[in-house]
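Chain order of the listed sequences is A and B.
Mapping to the numbering used here: the first sequence position 66 is 66, numbers consecutive.
Mapping to the numbering used here: the second sequence position 173 is 173, numbers consecutive.
Hints may be right or wrong, so weigh each one.
As a list, the in silico EDC-like pairs of lysine to aspartate or glutamate whose alpha-carbon atoms are at most 16 angstroms apart [stated by the list, open to error]:
hint, chain 1, residue 1, chain 2, residue 2
1, B, LYS85, A, GLU135
2, A, LYS82, A, GLU135
3, B, LYS45, B, ASP25
4, B, LYS31, A, ASP53
5, B, LYS85, A, ASP122
6, B, LYS85, A, ASP25
7, A, LYS31, B, ASP109
8, B, LYS14, A, ASP89
Simulated from the structure, these hints should not be mistaken for lab results.
Number of protein chains: 2
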Amino acid sequence: MLEQKIKESIREIKDFPKTGIFFKDITPILKNPVLVNEIADELVKQMSALKLDAIACMESRGFWFGMLMAQRLNIPFIPIRKLGKLPYDTLSYTYELEYGKATMEIHSDALKKGWNVLVHDDLLATGGTACAAAELIKMQGGVVAGFSFVVELSFLSGSERLEKYSSNIQSLVSY
Amino acid sequence: MLEQKIKESIREIKDFPKTGIFFKDITPILKNPVLVNEIADELVKQMSALKLDAIACMESRGFWFGMLMAQRLNIPFIPIRKLGKLPYDTLSYTYELEYGKATMEIHSDALKKGWNVLVHDDLLATGGTACAAAELIKMQGGVVAGFSFVVELSFLSGSERLEKYSSNIQSLVSY
């Protein structure tokens, strides 16, 4: 039921950001505050068995539901951002893309050793960014408690890359 | 009291993003979910006299409290993003920076004519980005109902530039 409502609110954009990609645009969801509320509730419910100390969310679309989840869970929100965006001392992790490289950063004081940290983003594709987030959490002595996504592109097998960090990988809808 | 708590959680970063700027880093606030909740409550309370149809929030830091405000107000959340980030048809507005130009975009179906739209960002500096958001709202026939910020750098007089759109300009702390 919720899955159906989400899919009806996702818009497919051909050739964005580059030719050959059908981008899943979740911004129509944001126009519907009742649906946003239901999604945030469900994202949190999927993780209710975990004892979480913080949630790490990826710039920028991961910020949308990530802040709502952090508030519902009453835990710190940790922004994971692209190179050069975080102002304080950072740790960084560089990973390969299809063409070129990308670097993600976390503030060096973002979490404490031993914290159970949930990774959240709006969408799981190949899993490169989520892996980078997991590495950044581990570099600070944190434990990757799981991964939470609104949408999963299961045909890209991103979850297989994440399993070495945590087998707790959840999404609300998959394609 | 709240103002004091916010100021204690804001970190000043010298020379970020460029030499001569003392950047106000609000990410330490995000580590404190109780304070985040209080801030979101107060941001909404400041606008309680308005009948709002939507809230437009600026990428990326404006997304943090913007989503919480949209949920409390039970209204649509409109992302305003940098050039090339929004996947669907967009309207764009280019404005002058100290050196060079910047372009902000809004989805062409983001709002309906006559809607009262609140503009939110984490910080008001010179007001260039907030003006761009106001212009994008007006281009779609929307009404700029007001401006909401967590932090205002009042010595930069950004609010003076915003007054032609709405005299309702609020922030929780100012420097």
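These are the hints, each one checked on the structure:
no.: 1; hint: B:LYS85 x A:GLU135; in the structure: violated (26 angstroms)
no.: 2; hint: A:LYS82 x A:GLU135; in the structure: holds (14 angstroms)
no.: 3; hint: B:LYS45 x B:ASP25; in the structure: violated (24 angstroms)
no.: 4; hint: B:LYS31 x A:ASP53; in the structure: holds (10 angstroms)
no.: 5; hint: B:LYS85 x A:ASP122; in the structure: holds (15 angstroms)
no.: 6; hint: B:LYS85 x A:ASP25; in the structure: holds (11 angstroms)
no.: 7; hint: A:LYS31 x B:ASP109; in the structure: holds (10 angstroms)
no.: 8; hint: B:LYS14 x A:ASP89; in the structure: holds (12 angstroms)
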